[in-house]
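> Spelled out from the first residue to the last, the chains are:
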Amino acid sequence: MTPERWARLKDVFGAALELPEEARRDFVQRTFASDPTLCEQAQRLLEAEGEPLENAVLGALARKEIPDLARGETLGPYRVEAKIGQGGMGVVYRAWDTRLDRRVALKVLRPDQLGDSVRRQYLVREARAASSLVHPNIVAVHDIGSDRDIDFIAMEHVEGRPLNEVIPPTGLPPRQAVAYAVQIAAALACAHAAGVVHRDLKPANIMVTREGIVKLLDFGLARKTPAAGSPGAVTVRHEIAGTPQYMSPEQIRGEPLDYRSDMFAFGAALYRMLTGRDLFDRGSAMDSIGAILNADAAELCHDGPALPDALKRIVLHCVEKAPADRFQSAQDLGFALEAAGAQLIPPPPAGPGSRLRRYGVLLATAALCLALGMMLAYSYFASRRAPRSVEGTVFARITDDPGAELFPSLSADGATVVYAGKAAGNWDIYLQQVGSAEAIDLTKDSSADDTQPAFSPNGRYIAFHSDRDGGGIFIMGRDGAGVRRIADAGYNPAWSPDGATIAYAEESITRPEDRSARVSRLWTVDVSTGRKRLLSQDDGVQPQWSPSGQYLAYWAIDRDGNRALWTVRASGGPPVRITRDSFLDWDPVWSPDGAWLYYCSNRGGGMAIWRMPMKESTGEPRGEPAPVRTPGDYRAHLSFSRDGRRMAYASLTTTGRLSAVLFDPEREVVVGEPKQILQSAKGASRPSLSPDGKWLAYNSTEQEEHLFVMRADGSGVRQLTSGNQRNRGPRWSPDGQRIAFFSTRSGAWEVWTTDPEGADFHQVTNLGGYNVAWPVWSADGRRMAYTLFGLNTFLIDIGKPWSAQTPEKLPPFPGAGQVFSGWNWSPDGRMLAGFLNRDDGVVTYSLDSRTFRKLTDHGSDPAWLSDNRRLLFLNNGKILLLDSVSGTSKELVSAMPEEIARRGFAVSPDNRRIYFAVSATESDVWMAEWDGPPGLSSSSRLNFNSGDGISTR
Amino acid sequence: MGLVEMAKPGEVTALLAEAGQGNSDALAKLVPLLYQELKRLAAHFLRDERQGHTLQTTALVNEAYVRLAGQKADWQNRAHFMAVAGQAMRRILVDYARQRVAEKRGGGEIALNLDRCEISSEIGQSEELLAVDEALSRLAALDVQQARVVEMRYFCGMTVEETAQALAISPRTVKREWAMAKAWLRLEIRGR
Chain G
144 MTPERWARLK
154 DVFGAALELP
164 EEARRDFVQR
174 TFASDPTLCE
184 QAQRLLEAEG
194 EPLENAVLGA
204 LARKEIPDLA
214 RGETLGPYRV
224 EAKIGQGGMG
234 VVYRAWDTRL
244 DRRVALKVLR
254 PDQLGDSVRR
264 QYLVREARAA
274 SSLVHPNIVA
284 VHDIGSDRDI
294 DFIAMEHVEG
304 RPLNEVIPPT
314 GLPPRQAVAY
324 AVQIAAALAC
334 AHAAGVVHRD
344 LKPANIMVTR
354 EGIVKLLDFG
364 LARKTPAAGS
374 PGAVTVRHEI
384 AGTPQYMSPE
394 QIRGEPLDYR
404 SDMFAFGAAL
414 YRMLTGRDLF
424 DRGSAMDSIG
434 AILNADAAEL
444 CHDGPALPDA
454 LKRIVLHCVE
464 KAPADRFQSA
474 QDLGFALEAA
484 GAQLIPPPPA
494 GPGSRLRRYG
504 VLLATAALCL
514 ALGMMLAYSY
524 FASRRAPRSV
534 EGTVFARITD
544 DPGAELFPSL
554 SADGATVVYA
564 GKAAGNWDIY
574 LQQVGSAEAI
584 DLTKDSSADD
594 TQPAFSPNGR
604 YIAFHSDRDG
614 GGIFIMGRDG
624 AGVRRIADAG
634 YNPAWSPDGA
644 TIAYAEESIT
654 RPEDRSARVS
664 RLWTVDVSTG
674 RKRLLSQDDG
684 VQPQWSPSGQ
694 YLAYWAIDRD
704 GNRALWTVRA
714 SGGPPVRITR
724 DSFLDWDPVW
734 SPDGAWLYYC
744 SNRGGGMAIW
754 RMPMKESTGE
764 PRGEPAPVRT
774 PGDYRAHLSF
784 SRDGRRMAYA
794 SLTTTGRLSA
804 VLFDPEREVV
814 VGEPKQILQS
824 AKGASRPSLS
834 PDGKWLAYNS
844 TEQEEHLFVM
854 RADGSGVRQL
864 TSGNQRNRGP
874 RWSPDGQRIA
884 FFSTRSGAWE
894 VWTTDPEGAD
904 FHQVTNLGGY
914 NVAWPVWSAD
924 GRRMAYTLFG
934 LNTFLIDIGK
944 PWSAQTPEKL
954 PPFPGAGQVF
964 SGWNWSPDGR
974 MLAGFLNRDD
984 GVVTYSLDSR
994 TFRKLTDHGS
1004 DPAWLSDNRR
1014 LLFLNNGKIL
1024 LLDSVSGTSK
1034 ELVSAMPEEI
1044 ARRGFAVSPD
1054 NRRIYFAVSA
1064 TESDVWMAEW
1074 DGPPGLSSSS
1084 RLNFNSGDGI
1094 STR
Chain B
2 MGLVEMAKPG
12 EVTALLAEAG
22 QGNSDALAKL
32 VPLLYQELKR
42 LAAHFLRDER
52 QGHTLQTTAL
62 VNEAYVRLAG
72 QKADWQNRAH
82 FMAVAGQAMR
92 RILVDYARQR
102 VAEKRGGGEI
112 ALNLDRCEIS
122 SEIGQSEELL
132 AVDEALSRLA
142 ALDVQQARVV
152 EMRYFCGMTV
162 EETAQALAIS
172 PRTVKREWAM
182 AKAWLRLEIR
192 GR
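Here the protein sequences come in this chain order: G and B. Going by our numbering, the first sequence opens with residue 144, and the numbers climb by one from there. Going by our numbering, the second sequence opens with residue 2, and the numbers climb by one from there.
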């Protein structure tokens, strides 16, 4: 082709393109009427220009645009509100989840990111892996879906700014940086435990909310550490957008990555937070890469702005060139950060008259406390130079062993604390001098669990609960000698102020969420004579004496299922209700001056300490409750020194995990190791499998109780319920269409059902005033059993409306105070398996003969296998197999050293898989010390923190 | 020891300035310099690429530019540079594609998202890239400007505006040239 002809062809082609498509052919034919060759060439070019791209070799030459979604448009159940961002993977919209009525961030994936099906599948799989991460510091992935060929990921919508925009040019104050870093480390620990590596951790991927809560983004782009058999060649697209500052050396070199690559990124990000600069920044990406690979980080650090030593060490430990030299776990990193944070010198007390400055200091101290997992080192107590921090209040964590330390009890002089700890494998009572890090195991000679210690008023004795010798309340000297039993049953003992009497309850309380179906009564026992006296027929747990000895405070479940505080005269009489709300109010303790009732409540969000002004003379409240700001997560188990200047308490962190293990019902053994499928700081319990075995429903347990559904492999977690109501015990209907559960949606606990999407809620029971719990479907799905708290199990016909129901009450289980809770219907429909009280043994009920048969003395939560003969059940944190004919049982699953959570397992329909929930509680004992007089009358003395920033979930 | 031996910044700046005054020799000398530089950069990015990163050629070119010409070079120099970068990137990518085709059985091929000029390693499209290169050589014989547009848009990931600036033509013309070149290349490759 001559240049002239080419130029002509080009002209005509260009001109034709300007025309509407249908006019082009005509135009070309007219223009090239005399030149059929050029005419044909122009036509072919125009056709090639417009033809479907997939057919052309160069299909990818055409840009596939992201469909622009307008406000109000929907994608699946999501209604678009506004475009809020654009990134490498696609466009992000703010959207409304019309199903759950909540705001979400909707990431619409760029079609060319997904290109072929292999990559798409891979990406979806990865996003699912990320969606199994449930953690307050990780942006939750709610949903991965596709609508009209548009792929999207629905995520938690976070109001906040990316960390890179939050960091000032010279860096954040070290306390602030540590506050964020601790949260990032927590998020990484969760992800790493689930086998998910972020791979792209950088300040731009870290959101900070106005409340200072950190949320990690884009785990969806992270890749799971290579599992055996995974196609190594398949990779996820991931752009290098200019800066390699946070890439680890192994990442730059293209070597396989594991979680330690995130440690490197973390260190680089921490440095940025502290200084506002990037440690390896050399101006250009290539030079920076060179620095990451070769430069001595310590030298770079030395040349940069001064850092607190401890933090510098953490940064350097993170950015070691060799992964093996770095922190080996995000938990270790978290501990190091807490320790480093505690070494930061607190700001000097504000000078007089400087309100504004003082406020600043308050905030800074609050930030520090909140940030560091609240650790002002116990060195404050240990050293005489203990800085009396703001308003004379000092907080210290006085135990820091891994594992749980619970139930601290202070001696009257506040110099000694006893608590229950599990460091020796079983629960023992430990005694520790405040200010010393050394604890003495007082009950190490007993292999039985010893817990719930209480110092006698004169400080010479310790009362406690022990399982030894048949169990009960025991007393020993403060040296652990002279153990004697004073009551053959009971929990949570409390001394009367004169030391002559001990009050206790029938039911043990560590946390208030899970209660037995039985009423727990309160008793007192005379220490010298052992004579017992029943205080009240009504429900009551965790009794505590008023300083005058006239009243006892305790808490109980009312008929609406609410945990409320009560007082009752020690000499007897009608109880007085102290709190009337739907919050979890528990663990009451009188202030030593009798003017306040301190207690734990979730009324502010997280489980925090509150106090109610009291008239000790009448045992009645005299005002409204106010929060007592203290460091910690889930605060519990309060105890005061007699002068009221010291208060010990426990701070609990609970992590829920769901695991699956293969089971061989013929050989009656589990096969292989359990595999974790979900780890959640929200907790996860009461799993239930869909009839096809593909889906798992469960409920969260920490702070909020909501229903979730996910695939049985732990992917695709979606939340079914939202709001302030509590929702528990999901059970899939035999046809897979509905999920029954019990909920406070209507006020009191009632049974409800929903479809598996959480879109269609239906109230089943309407008892309004009883606690309805634990719905159980019959095998044919036509009947349902449920338990009424303190009463019995009832059967209804699920097909009828409530108004037409005549609930059938099961005959009472023989023996006083024995409540049978139906738990699992046999596949043949003839038996209902259940348990007595809390865990007093597995019982079957025959629907034909209307009789019970008690199979075991301990344990609960039986589940039938499909042979209608054998059952699995839970006892003492282990899953056992039970033959209902022979009555023999054998242990199957033990998640030692952790315990399988109560109400915490499910069997797959083919009986070949057991899913179980483990609840791991980490807790430490904390102490608050006030400089001022013990009256604590000025509420500002305690309320020095601004806002309850701990309640992150 | 640095990772990359630098081309002398002064040399590049001088060449760019000469190119700006219409010295085509200078331009010709720039290409190999740039080629070396980009190749080094690309090698590092591509190594990571096998871990799943995507090489974004625009980022690469920008990086090379800043390195070679310094931050303060003016937009004209930059336009010249970009014009050269297109050719250099084309050579790099073709080199890689050849290499990949040669070691085809070893797997780990380069995939191109042609329009966005990203390279990723999972799907082998190396042969197609070579086909484009070959067809593009034929197109260059007919229409140098159109070939340059393809180099910049396709091999270098430059936007319409950047391409227009580098070639000192209007964005409208770039669009037209791009459309026709794509159509022509399709026909040409399919016809083989």
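Source of the hints: derived by calculation from the structure; they are not laboratory data. Ideal placement from N, C-alpha and C gives every residue a C-beta, glycine not left out. Hints may contain errors.
Said to hold, decoys possible - Going by beta-carbon spacing under 7 Å, a handful of chain B positions derived as facing chain G:
1. Arg173
2. Ala180
3. Ala184
4. Arg187
5. Leu188
> It remains to establish, for every hint, whether it holds in the given structure.
How the hints compare with the structure:
{"no.": "1", "hint": "Arg173", "result": "9 Å, violated"}
{"no.": "2", "hint": "Ala180", "result": "6 Å, holds"}
{"no.": "3", "hint": "Ala184", "result": "4 Å, holds"}
{"no.": "4", "hint": "Arg187", "result": "5 Å, holds"}
{"no.": "5", "hint": "Leu188", "result": "5 Å, holds"}
Of the numbered hints stated above, the single one contradicted by the structure is hint 1.
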